[in-house]
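> Sequence:
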Amino acid sequence: MTIETNNEPDSGPVSGPVGGPDTGAPAVVLAVAGLRRSFSGLTAVDGIDFEVRAGEVVSVIGPNGSGKTTTLNLVSGVIRADSGRVSLGGTRIDRSTVEEIAAAGLARTFQNGRVFGGLTVAENVEVGLYPTRRAARPLRRLARLPVLRWLALVAEVAVALVPTRAVRAEQAEVAARVTAQLARFHERLAPRRDNQAHTLSYANRRRTEIARALASGPRLLLLDEPTAGMNQTETAEVLDQLLALKAAGQTMLLVEHKLDLVMALSDRVLVMDNGRIIAAGPPHQVRNDPAVIEAYLGRRRAGGSSEETA
6 MTIETNNEPD
16 SGPVSGPVGG
26 PDTGAPAVVL
36 AVAGLRRSFS
46 GLTAVDGIDF
56 EVRAGEVVSV
66 IGPNGSGKTT
76 TLNLVSGVIR
86 ADSGRVSLGG
96 TRIDRSTVEE
106 IAAAGLARTF
116 QNGRVFGGLT
126 VAENVEVGLY
136 PTRRAARPLR
146 RLARLPVLRW
156 LALVAEVAVA
166 LVPTRAVRAE
176 QAEVAARVTA
186 QLARFHERLA
196 PRRDNQAHTL
206 SYANRRRTEI
216 ARALASGPRL
226 LLLDEPTAGM
236 NQTETAEVLD
246 QLLALKAAGQ
256 TMLLVEHKLD
266 LVMALSDRVL
276 VMDNGRIIAA
286 GPPHQVRNDP
296 AVIEAYLGRR
306 RAGGSSEETA
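Take 6 as the starting number for the sequence shown in our numbering and just add one per residue.
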């Protein structure tokens, strides 16, 4: 797949999103070009190119060890690429910190659910708002300089103890947004808002992580196996939530093992094998691709069991 990018490796941000009104296609939210990463001589991601457009849901599937989670880690800045580029909304982010990428509008969940066990459910969701909070911006700038990190901490304590009018207004806005995210998950999270996260069931911890990622209203949501470890009923509930997000226009890139969910949710599917994208297209087309059947489904028929995993 051809990605429209600036060919100069050190040119910084590109001029703006590809697509949009002038081309009749939705704007490109995420553009990945030539992305490569190796670990101890083993190539995990081998020069992949793809893009995700506004309002699109793109799923990444493939055999275990094919590079799916590594791709999400590269896109979100958790690890750095050896080469290639990643652009979010037309701005290059592969040289940015995780905090800068989050502030630019990318949020994610992880393969192994990560919540702060000692915080309440509501406090966990509030954490997701930190990168976009206006009052926190000067403190984030201070914290980038190691010698001033202590000053940023003192300033945060001062703001908490003696909030200004602007801070109080923002706190009210934050509380409203947290409540809205908890309400999205109905009786699963809203009645448990004051419970410490370590007391939650596994499925509700995963829901809390998704709610936290959504809290900032990200332009791109990355989901790494959002239904891993869930039973059929729990998976169906999460699928309903993701379909509602899709209907609302949320752009998503996800890795998921459960093919029924992938087929029901995705606009496009990327299939990875040995660090490369071997097929890409609409779900029904990809599922019947001979290369996918060989590499991903073994030699079983594409119309086989829904228990096949990535």
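Don't read these hints as lab results, they were simulated from the structure. Mixed in with the good hints, there may be bad ones.
As the list claims (entries may be wrong) - Pairwise CB distance ranges, derived in the manner of DEER restraints:
| # | residue 1 | residue 2 | range |
| --- | --- | --- | --- |
| 1 | G286 | N236 | 41 to 49 Å |
| 2 | G46 | N69 | 14 to 22 Å |
| 3 | R170 | N69 | 52 to 60 Å |
| 4 | Q201 | Q237 | 23 to 31 Å |
| 5 | G52 | A253 | 30 to 38 Å |
Every residue gets a Cβ at the ideal spot worked out from N, C-alpha and C, and that includes glycine.
> Are the hints correct? Go through all of them and say.
Hint check results:
G286 and N236 have their C-beta atoms about 30 Å apart, which leaves the hinted 41 to 49 Å range violated. Against the hinted window of 14 to 22 Å, the Cβ-Cβ separation of G46 and N69 comes to about 20 Å, which satisfies the hint. For R170 paired with N69, a C-beta distance near 53 Å keeps the hint of 52 to 60 Å intact. For the pair Q201 and Q237, the beta carbons lie near 28 Å from each other, so the given range of 23 to 31 Å is met.
Between G52 and A253 the beta carbon distance is about 34 Å. The supplied range of 30 to 38 Å therefore holds.
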